[in-house]
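Q: Here is what each chain is made of, one letter per residue.
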Amino acid sequence: MNIDIKISVDPLQIQSCIDWVMSPQCGGINVFIGTVRNVTKGKKVLRLEFEAYQSMAMSEMNKIAKDVLEKWPVQKILIHHRTGILQTGEVPVIIAVAAAHRDAAFDACRYTIDTLKQTVPIWKKEVFEDGEIWVAAHP
Amino acid sequence: MKVLAFGVVKEIFNNSIVDVDLADGATVEKLKTLLEKKYPLLNQLGSYMISVNNEYATMNYVIQKGDEVAIIPPVSGG
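First to last, the sequence lines map onto chains U and Y.
When you line the first sequence up against our numbering, it's residues 8 to 146, in that order.
When you line the second sequence up against our numbering, it's residues 1405 to 1482, in that order.
It cannot be assumed that every hint is accurate.
Calculated pairs, BS3-like style, for lysine-lysine (alpha carbon to alpha carbon, straight line, at most 25 Å) [to be verified]:
1) Y:Lys1441 x Y:Lys1406
2) Y:Lys1414 x Y:Lys1441
3) U:Lys124 x Y:Lys1414
4) Y:Lys1441 x U:Lys124
One side only, chain U facing chain Y, incomplete, derived with CB under 8 Å [stated by the list, open to error]:
5) Val38
6) Gly91
7) Ile92
8) Leu93
9) Thr95
10) Val98
11) Tyr118
12) Thr126
13) Lys131
14) Val134
15) Phe135
16) Asp137
17) Gly138
18) Trp141
19) Ala143
To be clear, the hints were calculated from the coordinates, so they are not data collected in a lab.
Note that CB positions come from ideal geometry on N, CA and C, so glycine has one too.
Excised from the complex, chain U in its bound form (with noise of 0.2 Å):
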């Protein structure tokens, strides 16, 4: 099993991720974790909520994964996502990538954050002070 793929409404464990990808051939692990942020164009972030498509995004995360592994002489790559509310500061989502050199990893792992941003069917919804909105999406 070279990839982990896991959608959770439980906060993600950084350190048993980073673990799983580790193995004696691999010479490097990049890890990209991404967390709420306060603030967004100057208004105060009160939390977030993710919404997934679950079936769908599992599917979408592995094809992503099974493409890293094509492209790049990758040996592990994990990629968990979280849903839910989630307060500033929290994790969302987490990729780590293990290959023998660092090109690789850092590559997989940027092509991996970028792309499941653009074709995973997961949803995040900002809530403000004053309102809320669903991002990338003004009905």
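Take the given structure of chain U and dock chain Y to it, following the hints.
A: Leaving out everything else, chain Y in the frame of chain U:
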């Protein structure tokens, strides 16, 4: 036919599932036209996709009985 809704679309529908009267042999394009007529706010989304059985579907895909169909507004994970 039942259509699943997420994110902002759930708020437009005021529900996470809506029922649409779709004829046999209808395409994704036809479904979008029907939905936009029934829920004009969808037009203000800019763009949205339709998924069938957990895959993004093209406009000319013919929806089959038993397909799981969902509306995918612009995603914002990560």
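Q: Holds or violated: tryptophan 141 of chain U as interface residue toward chain Y, Cβ cutoff 8 Å?
A: holds, 4 Å
Q: Can you confirm whether the C-alpha distance between lysine 1441 of chain Y and lysine 1406 of chain Y stays at or below 25 Å?
A: holds, 16 Å
Q: Less than 8 Å between beta-carbons is the criterion; does aspartate 137 of chain U satisfy it with respect to chain Y?
A: With a minimum Cβ separation of about 18 Å from chain Y (threshold 8 Å), the hint on aspartate 137 of chain U is violated.
Q: Does the interface hint hold: is alanine 143 of chain U within less than 8 Å of chain Y, judged Cβ to Cβ?
A: Since chain Y brings a Cβ to about 4 Å from alanine 143 of chain U, closer than 8 Å, the hint holds.
Q: Given valine 134 of chain U as an interface hint, is its Cβ closer than 8 Å to any Cβ of chain Y?
A: violated, 14 Å
Q: Taking the least C-beta to C-beta distance, is lysine 131 of chain U closer than 8 Å to chain Y?
A: For lysine 131 of chain U, the interface hint holds, since the closest Cβ of chain Y sits about 5 Å away, which is under 8 Å.
Q: Can we keep the glycine 91 of chain U interface hint, with Cβ of chain Y closer than 8 Å?
A: Hint violated; glycine 91 of chain U Cβ to chain Y Cβ min 13 Å, cut 8 Å.
Q: Against chain Y, with CB atoms and a cut of 8 Å, does the hint on valine 98 of chain U hold up?
A: At 11 Å from the nearest chain Y Cβ, valine 98 of chain U fails the 8 Å test, so the hint is violated.
Q: Grab the minimum C-beta distance from isoleucine 92 of chain U to chain Y and call the hint holds if it beats 8 Å, violated otherwise.
A: violated, 15 Å
Q: The hint names threonine 95 of chain U as touching chain Y; please verify it with the least Cβ-Cβ distance against 8 Å.
A: Threonine 95 of chain U check fails; min Cβ-Cβ to chain Y is 16 Å, beyond 8 Å.
Q: Do the numbers back the hint for threonine 126 of chain U, that is, is its least Cβ distance to chain Y under 8 Å?
A: holds, 7 Å
Q: Grab the minimum C-beta distance from glycine 138 of chain U to chain Y and call the hint holds if it beats 8 Å, violated otherwise.
A: The hint is violated - glycine 138 of chain U has no Cβ within 8 Å of chain Y, the shortest such distance being about 13 Å.
Hints 4, 5, 6, 7, 8, 9, 10, 11, 14, 15, 16 and 17 from the earlier list are contradicted by this structure; the remaining hints agree with it.
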